[in-house]
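Enquirer: Given the coordinates of chain A, assemble chain B onto it according to the supplied hints.
Sequences listed follow chains A and B, in order.
Counting in the working numbering, the first sequence runs without a single skipped number right up to 269 at its last residue.
Counting in the working numbering, the second sequence runs without a single skipped number right up to 1315 at its last residue.
Treat the hints loosely; a few may be bogus.
[Unchecked claim] Within a straight-line C-alpha distance of at most 25 Å, the following computed SDA-like cross-link-like pairs (lysine to any residue) qualify: (1) B:1088 x B:1122; (2) A:9 x B:1108; (3) B:1088 x A:35; (4) A:266 x B:1068; (5) A:100 x A:230; (6) B:1181 x B:1167; (7) A:100 x B:1060; (8) B:1181 x B:1218; (9) A:261 x B:1071; (10) B:1088 x A:266.
In short, the hints are calculated from the structure, not lab data.
Being a predicted model, the structure only gives us computed values, none of them experimental.
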Amino acid sequence: MNAYLMEIKALSWRWFLHSKRRPIVLLAGLFQPFIWLVLFSAVFKNSPMRTLVGTDSYLAFITPGALVFTAFTGALNGGVPILFDRELGFLDRLLAAPLKSRFSIIWATGFHIFVMTLLQCVVIVLVTSVMGVKFNGGLAGIGVFILVLALITMLFTTLSLALSFALRYHFELLSIIMIISLPLMFMSTAFAPLEYMPGWLTWFVSLNPITMAVEPLRAVFFDGSWQGSKNLLATPVANLSMWGCLAVLVVMNLIMTALAKVVIGKKLA
Amino acid sequence: MTLEIKDLKKSYKDVAALRSLSFSLSPGRILALLGPNGAGKSTAIKIMTTLVPPDGGQILWEGRDILREPRKIRDLVGYVSQELAMDKVLTAVEFMQFTAGILHLKWRDHRDRALQLLDRLGLKEAQDRQIGKYSGGMKRRLDLATALLHNPRILILDEPTTGLDIEARELIWSLIRDFTKEGGSVILASHDFQEVQQLADEVLILDRGVVSQSGTPQALKEQLGQFVVRLQTREYMTARDQEQAAAVFAGQTGLRVLNHDDTWVALAVQGESAMSEVQGTILSHLEGADLPVFSLNVQHPNMEDVYRFSLRGDS
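Here chain A stands alone, though its shape is the one from the complex (with noise of 0.2 Å):
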């Protein structure tokens, strides 16, 4: 095995390690998203809004954004142990040692972070399943699955890890996730489709990246015959397509990718 792949195997081990031994922040990742739907699912269960969706449960409905949530949070915590190796100088041990390369401390939180929401929402989909909520996407909708996951799940957690360098304490961070965590969430599709939500909050919908990932799960799990150019959301610029929500997606992630390395790289240059 070549040194770079041996480094990043013994960083996201140790977090694999991590998890592991403390099972109930794997499980308290899953706690949340399922409150929402028992919860919400519950409480739009009459509302007329399911006419709208292609489905006639609003548990159906909520379950894309369910899994986004999961991702997109895991992803936004995804800083916080590298805040605390920093706070108590276990980052400096990393940094002093013969890394091939430093950024490998970053790769290996976001595999560890990408293996553990793709887990949760695994559980979340087969939970659902029994609930009556069937993924009817076909495997290259797996695929497409994989992918919008993938996309959340390193934005936030690029982002995470960005802030992480860019704080110094951890009770900031944890702060800023509080701020940015619901908001982005309401301030989505993944509650309601846009066409229920008043001109000037379809802005920031359609500027959301929970909405450009939570569309096109939506599609693969309730249009059996889904195509990546048919049209999902109506956005006040745009008619956006799953592939369009995806490039928009791509795009959020290569210019956080580069605002990260700027803030990071300064940190560990």
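Expert: Frame of chain A, contents of chain B only:
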């Protein structure tokens, strides 16, 4: 290979943390870095472990400036930091395995060495216990074990025995000595004068970012004098009492006032006199000046004296 540090400098904004640091260190030697907080020790260590880039200077190894090849430095150096920065979730063996991974060492080839080091440092029975359950002393020993795993050529130890009991300290000292017997070089930052006395071949005292004294412990002590005398003319000496007592010895042949701004007056005695002779001379001087004696202590200088009087700039 000799490690040569040449004129390292570092400033943080307008504050010069390290004005100039130069020394060379041969294989098998231990160099102790002494200095008060803010003297530049931590900055020097951070530069030598590539955690902070210097503003100027060189680190030469085999004639090459390895500051330009930071990974080379990281390969050469085993580092034990002052903070007990361990992963509390992992066991000691897992932590060694993790360390092997980030050092690009195959675990199957280095597992035996890792277990030997743990055994040598008295951690065998606790090796499968999570580090979070370790005492401070056990963590320090584990830290040293991880620093030695890749057979470094240079060990940089930042207060490696702080908070340890005497048995654990001696265990670590013996491991450090063995490391030097195998040709390794050690840079030891410490506030423990006994540790410096026990281990150091050379001492370098930093003060406000520059080297204020350097040499072998013996040479530095001899430079200070044959004896150091501490005297009090009363239990709580006022500034006036101290000045009066110091004035008695000012200009006396073979006697040098080291300081008179503490709870006592300190003198350095040069020459070949016996201790009783020195005591007699001091007492007769005080008697001649009609000053009482509350306490009088005469001893050969130790590292603490060297350090204390070096920082005052009086020696």
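Enquirer: Between the alpha carbons of residue 100 (chain A) and residue 1060 (chain B), is the straight-line distance 25 Å or under?
Expert: holds (22 Å)
Enquirer: Has the given pair, residue 1088 (chain B) with residue 1122 (chain B), been kept, meaning a C-alpha gap of at most 25 Å?
Expert: holds (19 Å)
Enquirer: So if I understand the rule, the pair passes when the alpha-carbon distance is 25 Å or less; does residue 9 (chain A) with residue 1108 (chain B) pass?
Expert: holds (15 Å)
Enquirer: Residue 261 (chain A) and residue 1071 (chain B): Cα distance at most 25 Å?
Expert: This hinted pair holds, its Cα atoms lying about 20 Å apart.
Enquirer: Does residue 1088 (chain B) pair with residue 35 (chain A) here, judged by a C-alpha cut-off of 25 Å?
Expert: With Cα atoms ~32 Å apart, residue 1088 (chain B) and residue 35 (chain A) exceed 25 Å; violated.
Enquirer: For residue 1181 (chain B) and residue 1218 (chain B), compute the direct alpha-carbon distance and say whether it is at most 25 Å.
Expert: Since the Cα atoms of residue 1181 (chain B) and residue 1218 (chain B) sit roughly 21 Å apart, the hinted pair holds (cutoff 25 Å).
Enquirer: Given the hint that residue 1088 (chain B) pairs with residue 266 (chain A), test it: the Cα-Cα distance must not exceed 25 Å.
Expert: violated (28 Å)
Enquirer: Hey, residue 1181 (chain B) versus residue 1167 (chain B), does the alpha-carbon distance stay inside 25 Å?
Expert: With Cα atoms ~21 Å apart, residue 1181 (chain B) and residue 1167 (chain B) stay inside 25 Å; holds.
Enquirer: Is residue 266 (chain A) close enough to residue 1068 (chain B), meaning Cα to Cα at most 25 Å?
Expert: Answer holds: residue 266 (chain A) to residue 1068 (chain B) is near 17 Å, not above 25 Å.
Enquirer: Between residue 100 (chain A) and residue 230 (chain A), does the CA-CA distance stay at or below 25 Å?
Expert: violated (44 Å)
Consistency with the previously given hints fails for numbers 3, 5, 10, ordered from lowest to highest.
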